[in-house]
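Chemist: All chains, full assembly: derive it from the sequences and hints.
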Amino acid sequence: MMESPLATEARSIQTPATQVLRRSPSSAVPREFLDPPDAWNPTVGLFLGGYALAGLTIWGWFGAGWPLPVLLALGFLALHLEGTVIHDACHNAAHPSRFWNAVMGHGAAMLLGFSFPVFTRVHLQHHAHVNDPKHDPDHIVSTFGPLWLIAPRFFYHEVFFFRHHLWRRYELLEWGLARGLFFAIVLASLKYGFQDFVFNCWFAPALMVGVTLGLFFDYLPHRPFQSRNRWHNARVYPGRLMNLLIMGQNYHLIHHLWPSIPWFEYQDAYHATRHILDAKGSPQRLGLFETRTDGLNFLYDIFLGVRSHKKRRSRLRPLAALMPTRHARRRVLELLHRTAVSPVR
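Letter 137 of the sequence shown, counting from 1, is numbered 155 in this note's numbering, and no numbers are missing.
If you are wondering where the hints come from, they were derived from the structure by calculation, not from laboratory data.
Please note: incorrect hints may appear among the correct ones.
[Stated by the list, open to error] Across the chosen pairs, the derived CB separations fall in these ranges: (1) A202 / R344: 47 to 57 Å; (2) R187 / G299: 37 to 47 Å; (3) I320 / N218: 21 to 31 Å; (4) L225 / R344: 37 to 47 Å.
Backbone N, C-alpha and C fix where the C-beta goes; we use that ideal spot for every residue, glycine too.
Modeler: So, in structure tokens, the structure goes:
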């Protein structure tokens with residue numbers, strides 16, 4: 019059966035929006051953003067700057083006797099910089115050399131108290147299963163407790179790493195060496211009397227950075243945790259100041275679409291691909307208080323934050339059983355059902 023010339027012409031005509039929607043993500047971004055970074059790039063600067071600040075913190079405590087608030091701020095800034103380094107290193111985007119990329123990743127992990135292979139494998143699982151309640155380890159971090167306790171939930175990454183046997187080749191050895199070094203420092207501090215420095219200038223800033231990472235790398239980019247579609251499972255909230263303060267994580271969707279792009283190119287990559295995100299309907303605002311529901315959900319997450327994954331018959335029903343009265347139990351169940359997140363593709 020022959021196709022009419024009119025139908026053939028109609029089928030051949032594509033609007034720019036249609037062409038955009040049919041492009042693959044890799045071909046949608048200009049090629050220069052996908053090239054490896056230069057050997058001397060801003061991430062190397064963050065790595066060296068973080069260690070310089072850490073050294074300054076040590077000297078300020080033992081040599082200069084600086085006030086604790088100053089040392090806290092220096093320690094926080096040092097670890098905040100290294101958080102971006104380890105994140106880019108796990109995507110091989112910190113340095114064009116695989117060796118130096120690994121050195122930067124392990125070095126950043128040591129300051130943060132992390133294990134680089136654990137961070138890498140767990141983070142790649144997050145990328146493969148964004149907002150999947152069963153397979154996205156960061157989903158638990160973001161939705162299983164209040165935001166003010168988000169930092170301790172990062173320890174779940176270690177549990178996830180071993181439960182799912184994510185290690186490869188020598189990564190168990192690397193994990194053992196990293197953890198051995200961590201505990202050696204802690205034990206040495208107890209034996210030689212510098213535990214006050216460890217707790218005040220390392221653990222306390224690490225806790226603060228844990229909240230920062232949890233908020234800006236996990237919670238804000240992926241809320242409301244309802245979509246697993248690659249164009250909608252994260253968001254962008256453009257802004258030059260935020261781009262500097264959190265080193266590009268306000269363009270988190272760009273990172274998820276093209277993970278090999280280094281953090282210092284997120285903003286430019288966003289402007290180069292914004293028309294595609296517009297065509298896809300990708301979220302491009304922070305969206306915390308756009309509606310009354312958004313605002314209430316954010317307040318709920320700050321103070322409680324425990325979210326079920328079913329609108330009915332929640333697995334969290336045992337929490338209701340702890341309530342003293344039937345009315346209180348009913349209200350807890352209603353709250354669990356009302357705040358449930360059920361991500362769809």
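Chemist: If a hint holds in the structure, say so; if it doesn't, say that too.
Modeler: Outcome of the hint check:
Between A202 and R344 the Cβ separation comes to about 54 Å, which falls inside the hinted range of 47 to 57 Å. Between R187 and G299 the CB atoms are about 41 Å apart, so this pair conforms to the stated range of 37 to 47 Å. The hint said 21 to 31 Å for the Cβ distance between I320 and N218, and at roughly 26 Å that hint holds. A hinted range of 37 to 47 Å for the beta carbons of L225 and R344 is consistent with their spacing of about 39 Å.
Consistency with the previously given hints is maintained throughout, with no hint failing.
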